[in-house]
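Novice: Spelled out from the first residue to the last, the chains are:
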Amino acid sequence: MTKTQGIKAKHQRLVLLVVALVALIGAGLLAAWALRSQASYFYLPSEIVAAAPTPGQAVRLGGMVESGSIKPQTDGVTIEFMVVDGAGRIPVRFTGILPALFVEGQGVVADGHMLADGVFVAENVLAKHDENYMPRDLASIDRDELRRQLETSLE
Amino acid sequence: MIAELGLVALWLAAALAGLQFLGGWLGARSDNAELAALVRPAAVLQAGLCAFSFACLVYLFVVTDLSVALVANNSHSMKPMIFKIAGAWSNHEGSMLLWVSVMAVAGGLIALVERRLPESTMLATLAAQAFVGLGFYAFMLISSNPFARLLQPPADGNGLNPLLQDVAAAYHPTTLYVGYVGLSVAFSFAVGALLTRQVTPEFARVMRPWVLGAWIFLTVGITAGSYWAYYELGWGGWWFWDPVENASLMPWLAATALLHSASVLAARDALRAWTIMLGVVAFSMSMIGTFLVRSGILTSVHAFAVDPERGSFILILLALYIGGALVVFAMRASTVSEGERFSPMSREGALVVNNVALSAILAIVLLGTLYPLLTEAFGVRVSVGPPYFNPVSAIFFLPMLLVMAVGPLLNWRKDQFARVRLPVIVISVAGIGVLLGAWLLSDMGLLPLLGLALSIAVGVGSFLPMRGRSLRRLPLPVWGMCIAHFGIAVGVFGMAADSAFQQERLVAVAVGGETSVGPWRARLNAVEPIAGPNWTAMQADMEVSHDGGAWRTANPQQRNFWQPPQETSEVALITRWNGQLYVAVGTETEDGRWQLRLWWKPFVTWIWYGGLLIALGGALALVGRVSVDLRRRSAARQIAARKAEVTA
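As you go down the protein sequences, you meet chains C and V in turn. Position one of the first sequence corresponds to residue 1 (the numbering used here), numbered consecutively onward. Position one of the second sequence corresponds to residue 1001 (the numbering used here), numbered consecutively onward.
None of these hints come from the bench; they were simulated from the model. Quick reminder that beta carbons are idealized off the backbone N, C-alpha and C, glycines included.
Partial list, derived from the structure: chain C residues whose beta carbon lies under 10 Å from chain V:
| hint | residue |
| --- | --- |
| 1 | Leu17 |
| 2 | Ala32 |
| 3 | Leu35 |
| 4 | Thr74 |
| 5 | Asp75 |
| 6 | Ile97 |
Take the sequences, apply the hints, and build the full model.
Specialist: Put into C-alpha cells, the structure is as follows:
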C-alpha cells in the first residue's frame, strides 16, 4: 500500500493546488528577478553621456545618424558612425549588413553594449523602414522630441 | 454590389449570433424547447453567412475593386494573383473578418456534429460561442467595416507591405487563425460545462478532438511563421522572442497543457477544475495575442491598426470575456467535485509535471512579453530578448523533457519504478552518453549541451511505449503521441545543434572572389540587376560547394519594391539533409566589393521538421479519436435500427 491511498481526494486536490501555485509563483519570482537583470534598457545619446551604462551590459541605443559621420572601414563590412540626439553624441561601431534604409540624418535603433572607451558596439541595427513599419522605439522619438532637439542644436 | 452583399451577410450573421446566444442561454436555463431548437440551426446558418461574407471580400481583392476602401488601401492591380487573395486577410479589417469567420464556422461545426453531451451543456456552449462572437461582430461593424466604400476610387491601390508578399502570407495567417480562434471552442465548452455542472470525462472526450484540431493548425502556423522569419528577415535566426511570436507561442503552450490534462480527465476522471481553467486560459491567450498583435500597441509588420479606438475596443472585449469566464470559474469551481486519486508515480503524476512546467513557461513568456509595456507606462523603455527568455524558460523546459521521456511508459493511477527500470536505464544511458561525449569533444554552451542530450533521451524514449505491442493493433492516438514526442526531440535537437555548431562568415568579396564558411566554399561570379513583377533587385550570381563536392548556384538578392517603396533581403538557401547554407547579400562597398553574409547551420531544418512531426502526431491522434467516435455512432445507429425492427 502506498501512502497516497490513505490520502483523501480532497487532500490530493489541495496538494496539487499547492504544487501548481508554488511552481507558478516560483516562475513569477524567477521571471521578475531575471527581467530586472536581463532587460535591455533604451538610451538616448544624451542619457549615455549623462550616466553611461556599465560596459558590457546589453542596452539599446536610439537616435539620429549624424550627417557626414558614416565611415566604412577597410574590411568592407564594418562601419563607424555617430548617433546624436541634440545633447549627446555617441560613436557606434557595427559589423554586418545594414538595413537598406539606414541613411544619414535618419533615425536608428541599435542593440549592443558600451565599451570602456566610450564606443557603442552594435550587434543589430534597425532603421526606420517606412511610415507604416518602423521600430517601436523610433516611432515616437523620431517625430517629436528628436527632430526638435536636432533642429535646435543645428540652429 | 458584392461589397454590399458581404456587408448584409455579416449583419445577418451577427443577428443570428444574437439569436444563438439568447436561445442557448434561455434554453439551457429554462428548458424552453422552442427556443432551444433554434440554436443549432442558427449556429450553422451563421457559419454559412459569415463564410459567404469572407468569400465576398476575397472576391473584391481578386478583381481589385478600388471603390472599396480596404482594397484601395492594401492592394494593387499589378500584384500577383496569390498576393491579391492573401491581401484580403493581410490587413486589419480583413483579418478580423477571418477571425469571426473561423469562429462562426467552428461554432457551426459543433452545432452540426456534436451530440454526445447533454443538450443543456451544448446549448450553454453554443451560447458562450455566440457571446464571444457577438463582441467581435460589434467590433467589426462599428469600428472596422471591411466593406466600406470610397466616394472617389483612386487610379490604383496602395499595394501590400512587401514583407507580406510571400507565399507564406497565404497560409501562415490562415493556419494561425484557425488555431487561435479554434481554441474558442475549448473556451466555450469549458464555460458550458461549468455553467451546467457537467465537468465529466465525457466532456473531456468531446472537447479533445476540437482542441486537437486547433492545436494542429497552431503548430503548423508557428512552424511556418518561424521558417518565414528565418528566410525573409535575412538575420539567420529562426526565433527572436518577438512579442508577436510570443503571442502565438502562448496559446500553443496553454493548448498543449490542455490536451494533456484533458487526456487525464478523459481516461481517469481527474484534474477536472484544472482542465476547465486551461480551456479558459488557452483562448484567453489567443485573445491577448490578438490584442498585442493587432491593436498597434506593438509596432511590427503584424500590427495593422494604429488606431487607439480599435486597441481599446479589443481590450474591453478581452476584459469582458476573460474576466467573465474567470468569474464563472470562481463561482462554480467549488461545485466541481474532486476527481479520482492517483499516486505521484503514475501517468497522471507525469502529466501533472507536464502541465505545471508548461504553465510556468507560459507565465514566464507572458511576463517577459508584457514587461516592456508595463515599464513604458512608467516612462522607462526596455526590450526583453533571448538573454531573458532562453535560460529562464529552459529551467522548466529541460526538466519537462526529462519527465516526457519516461512519463508515457508509466501506468495510470499507480506504478512501481521496478516495472520501468529497463527503459529508464536505456533512456538514461543514451542521454548521459551524449552529454559526456558532447562535453568532452566540443566546447558547447550549457543550454545547447543539455538540449542535445535531452533530445536524444526523448528521441529514444518516444518510441518505447510501442515496445512489446503489436504495431498493427496500436491505436492511432498512441502512434500520434509517440510521433509528436519524437517531433519535440527532433526540434530540440535542431535548436541545440544550430546554436552550438553554426558558423558564420561576414565578408566583402570582389566579383570573381571566393570565401568559405564551415565545410562550404562560395564563389561570387557576378552581381546583376534583375526585375520582377513589382520589384527590381540586385542579384548575386554565386556558386557554392560543400566539402569539395559539385558546385551549385545560389542567388541571394536585395530587392526594391516600388509600391510601397521598401527593400527586402531575399536569402539563398542550399539545403542538405544535415543542415542549410544561408547566404545573404548586402550592399556594395566603396571599392566595388559586395558584402556577403554566409551561415552554415547544421541541422537547422530539423527544427521545422520537428514542428511538422508534432503536427503529424496530432493529426494521427485526431483521426484515431474521430474514427472511434464514428464507429461508435454507426454501432449506435445499427442498435437503434435493430431495436426498431424488433418492436415493429
